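Protein chains: 4
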Amino acid sequence: MNRPDCYIAVVGSSVCNEETAKRAYDVGYELARRKAIVICGGKGGVMAAAAHGARDGGGTSVGILPGSDRNDASKYLSLALSTGLGEARNAVIASAADAVIAISGGFGTLSEVALALKKGKPVVGLLFSFEDISGLHHAKTPQEAVDLALRSILRSTR
Amino acid sequence: MNRPDCYIAVVGSSVCNEETAKRAYDVGYELARRKAIVICGGKGGVMAAAAHGARDGGGTSVGILPGSDRNDASKYLSLALSTGLGEARNAVIASAADAVIAISGGFGTLSEVALALKKGKPVVGLLFSFEDISGLHHAKTPQEAVDLALRSILRSTR
Amino acid sequence: MNRPDCYIAVVGSSVCNEETAKRAYDVGYELARRKAIVICGGKGGVMAAAAHGARDGGGTSVGILPGSDRNDASKYLSLALSTGLGEARNAVIASAADAVIAISGGFGTLSEVALALKKGKPVVGLLFSFEDISGLHHAKTPQEAVDLALRSILRSTR
Amino acid sequence: MNRPDCYIAVVGSSVCNEETAKRAYDVGYELARRKAIVICGGKGGVMAAAAHGARDGGGTSVGILPGSDRNDASKYLSLALSTGLGEARNAVIASAADAVIAISGGFGTLSEVALALKKGKPVVGLLFSFEDISGLHHAKTPQEAVDLALRSILRSTR
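Residue numbers (this note's numbering), protein chains in the order written: chain E, 1 to 158; chain C, 1 to 158; chain S, 1 to 158; chain G, 1 to 158.
Extracted from the complex, chain E is given alone in its bound form (with noise of 0.2 angstroms):
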């Protein structure tokens, strides 16, 4: 495969109601549709549904496990990576990812959030479970959150 130009991170909790689900896999869908490589922590909830989405759209997904063991990856991956790092491997995603996609989340998304915007990448919020930072996008439905991420990448790199 060509090596795609545009890395998107999609983080958000690994344990998640339906709806939230339901949102994650449609980012992810859209993400693989436009040829964006889809980045997550590579557990359940969020990631798992992202990585979900980008399978059936066609796209590959990269999961950045906290753990030793590839075993803890979501069946829908299309590369686990076993870091060992724990929680820093929360800093490889916002470092490895062009722009973030924040869906609900808890406060290890929160972390992912802040070093991206630390190191200044765009990132969107969809339903983002901390409403008042500043400094993100906010999109209403996935397609408009991959609009946002994709768009934002294009400006940034002008």
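If you are wondering where the hints come from, they were derived from the structure by calculation, not from laboratory data.
There's no promise every hint is true.
In this list, chains with the same sequence are indistinguishable; a pair is considered to hold if it fits within one copy or across any two.
[Stated by the list, open to error] Cut-off 20 angstroms, straight-line C-alpha distance, at most; resulting in silico cross-link-like pairs (DMTMM-like, lysine to aspartate or glutamate):
id	residue 1	residue 2
1	Lys118	Asp132
2	Lys140	Asp72
3	Lys121	Asp69
4	Lys75	Asp132
5	Lys119	Glu144
6	Lys140	Asp5
7	Lys22	Asp5
8	Lys119	Asp56
9	Lys119	Glu19
10	Lys119	Asp69
11	Lys75	Asp147
12	Lys121	Asp72
13	Lys118	Glu131
14	Lys22	Asp132
15	Lys75	Asp5
16	Lys118	Glu144
17	Lys35	Asp147
18	Lys35	Glu18
19	Lys140	Asp56
20	Lys140	Asp69
21	Lys35	Glu144
22	Lys118	Asp56
23	Lys119	Asp5
24	Lys118	Glu19
25	Lys119	Glu18
26	Lys35	Asp132
27	Lys75	Glu18
28	Lys118	Asp69
29	Lys121	Glu18
Computed from a prediction, not measured in an experiment: that's the story for all the values here.
Given chain E, put chains C, S and G in place with the hints provided.
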């Protein structure tokens, strides 16, 4: 020296105004007086001020630096560890600390707060920039911040 | 794509002579032909040659870069992850791989070999620069190196 | 305390025989006597013995632990930092030290030596298990090891 029982991270921006620096100094001083180790990111602003206060209070501060060059460290630190990890060092700070005091702060600070909360560590905000994060204790003065941090550790280890 | 079962790190210097590059290319090609994912450090020399071989063999290679800039990555990689971790990314490579093939190599390579051995992962040396490390398998050809690596994984997971 | 100018990592296995422990103790003691900070991996064996020596010599030792639990640390350490990074903490040790003294040792030790050499740091072996690594200084006694380490730093920073 005997190993102390208590490590408190003081996190905040590497550039700050005088009022914020005064608060960070007072937090560092008070932590030292109460025999807690001060952990920080090792650079300027809030980090240097907290290390300065810890030194003047007769205590110990450890700077956990993102880069590979110890010359980047604040001169007030007792110890400076140049990790070479980049922003992933924020996860090390959150991991090494028993509790976190966040003063003012930007996105890097927010990531440290989020990583600490993710790990279940108590976090105290002192004029913390991100007011609406749930799960934080809020303090109005440096003394109250130190009180809350030390008491929250006692509670969580009892 | 379905997630493959087997990740082999190909490690070696970022600068190498043509003969070493030819061997790394052949290792990457053979790994791809046998449906293993190639993991490498993402830079030049042995890493780029292994990624080149994997591409020509119709396979997938992942570069795990030390820096924060994906533009430093070899163009032959299927995926490039800029970790921002510096040399600590060597531990990520050792953690993510099921086995390691070390070709020629300097001190960075030696650290990856040692980290893999520490984690109990099989390591195969192909003209490996450090001959007297115990615990390595030694191969004379790229094909033999791939054979040994894949067989050692089967054995360790049976 | 004033920040010291010199950080020496003492690396070796977490389990060792008495003779090796005696050597590590003597290295820690001598480093303390000469006002160098001892950095180590924070666990047992060589690490604990070096920390013990540093304490008895009136010096300071810092343990950089792989796990998240400070209770795993040797009681002899002045400071214990639980990084949560797993084996990637070996890269932090190599980064934070000005020079490394390797005593006996297994693959983890070898990785720390290799990472230090990769960064251009002086490394002294004292009965180091891997004799044929080029670029090491070899010492016959703890005193000679400390001498070589401290002199090599002076030389590299002059």
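Hint check results:
Taking the shortest alpha-carbon separations for Lys118 and Asp132, both the intra-copy value of 16 angstroms and the inter-copy value of 19 angstroms come in at or below 20 angstroms. For the identical chains of this complex, Lys140 and Asp72 are neighbours neither inside a copy (31 angstroms) nor across copies (35 angstroms), given an alpha-carbon limit of 20 angstroms. Taking identical chains as interchangeable, the C-alpha atoms of Lys121 and Asp69 lie at most 20 angstroms apart only when they sit on different chains, with a minimum of 12 angstroms there against 29 angstroms within one chain. Proximity of Lys75 and Asp132 under a CA criterion of 20 angstroms is satisfied in neither setting, with 34 angstroms inside one chain copy and 36 angstroms between copies.
Taking the shortest Cα distances, Lys119 and Glu144 never come within 20 angstroms of each other, neither inside one copy (23 angstroms) nor across copies (32 angstroms). Neither within a single protomer nor between protomers do Lys140 and Asp5 lie at most 20 angstroms apart by alpha-carbon distance, with minima of 25 angstroms and 38 angstroms respectively. In this assembly of identical chains, Lys22 and Asp5 lie within 20 angstroms of each other by CA distance neither inside one copy nor across copies; the values are 26 angstroms within and 28 angstroms between. Taking identical chains as interchangeable, the C-alpha atoms of Lys119 and Asp56 are never at most 20 angstroms apart, the minima being 31 angstroms within one chain and 34 angstroms between chains.
In this homomeric assembly, Lys119 and Glu19 never come within 20 angstroms of each other (Cα to Cα): the closest approach is 30 angstroms inside a single copy and 26 angstroms across copies. Taking the shortest Cα distances, Lys119 and Asp69 sit within 20 angstroms of each other only across copies (11 angstroms), while inside one copy they are farther apart (29 angstroms). Neither within a single protomer nor between protomers do Lys75 and Asp147 lie at most 20 angstroms apart by alpha-carbon distance, with minima of 27 angstroms and 27 angstroms respectively. Taking the shortest Cα distances, Lys121 and Asp72 sit within 20 angstroms of each other only across copies (18 angstroms), while inside one copy they are farther apart (28 angstroms).
Taking identical chains as interchangeable, the C-alpha atoms of Lys118 and Glu131 lie at most 20 angstroms apart whether they share a chain (17 angstroms) or sit on different chains (18 angstroms). Neither within a single protomer nor between protomers do Lys22 and Asp132 lie at most 20 angstroms apart by alpha-carbon distance, with minima of 24 angstroms and 27 angstroms respectively. In the homo-oligomer, the alpha carbons of Lys75 and Asp5 lie at most 20 angstroms apart only across protomers (11 angstroms), although the nearest pairing inside one protomer, at 25 angstroms, exceeds that limit. In this assembly of identical chains, Lys118 and Glu144 lie within 20 angstroms of each other by CA distance neither inside one copy nor across copies; the values are 23 angstroms within and 29 angstroms between.
For the identical chains of this complex, Lys35 and Asp147 are intra-copy neighbours only, at 13 angstroms inside a copy versus 34 angstroms across copies, given an alpha-carbon limit of 20 angstroms. Taking the shortest Cα distances, Lys35 and Glu18 never come within 20 angstroms of each other, neither inside one copy (25 angstroms) nor across copies (35 angstroms). Taking the shortest alpha-carbon separations for Lys140 and Asp56, neither the intra-copy value of 22 angstroms nor the inter-copy value of 42 angstroms comes in at or below 20 angstroms. In this homomeric assembly, Lys140 and Asp69 never come within 20 angstroms of each other (Cα to Cα): the closest approach is 36 angstroms inside a single copy and 31 angstroms across copies.
Taking CA atoms no more than 20 angstroms apart as the test, Lys35 paired with Glu144 passes inside one copy only; the shortest distance there is 16 angstroms, against 37 angstroms between copies. Taking CA atoms no more than 20 angstroms apart as the test, Lys118 paired with Asp56 passes in neither setting, with 32 angstroms inside one copy and 31 angstroms between copies. Taking the closest pair of Cα atoms, Lys119 and Asp5 come within 20 angstroms of each other only inside a single copy of the chain (19 angstroms); across copies the shortest separation is 31 angstroms, beyond that limit. Proximity of Lys118 to Glu19 under the C-alpha cut-off of 20 angstroms is found in neither arrangement, the shortest distances being 30 angstroms within a copy and 23 angstroms between copies.
With identical chains, the CA atoms of Lys119 and Glu18 are never at most 20 angstroms apart, being 32 angstroms at best within one copy and 26 angstroms at best between copies. For the homomeric pair Lys35 and Asp132, neither the shortest alpha-carbon distance inside one copy (31 angstroms) nor that between copies (36 angstroms) is at most 20 angstroms. Only within a single protomer do Lys75 and Glu18 lie at most 20 angstroms apart by alpha-carbon distance; the minimum there is 18 angstroms, versus 39 angstroms between protomers. In this homomeric assembly, Lys118 and Asp69 come within 20 angstroms of each other (Cα to Cα) only across copies, at 15 angstroms, whereas the closest approach inside a single copy is 29 angstroms.
Proximity of Lys121 to Glu18 under the C-alpha cut-off of 20 angstroms is found in neither arrangement, the shortest distances being 28 angstroms within a copy and 29 angstroms between copies.
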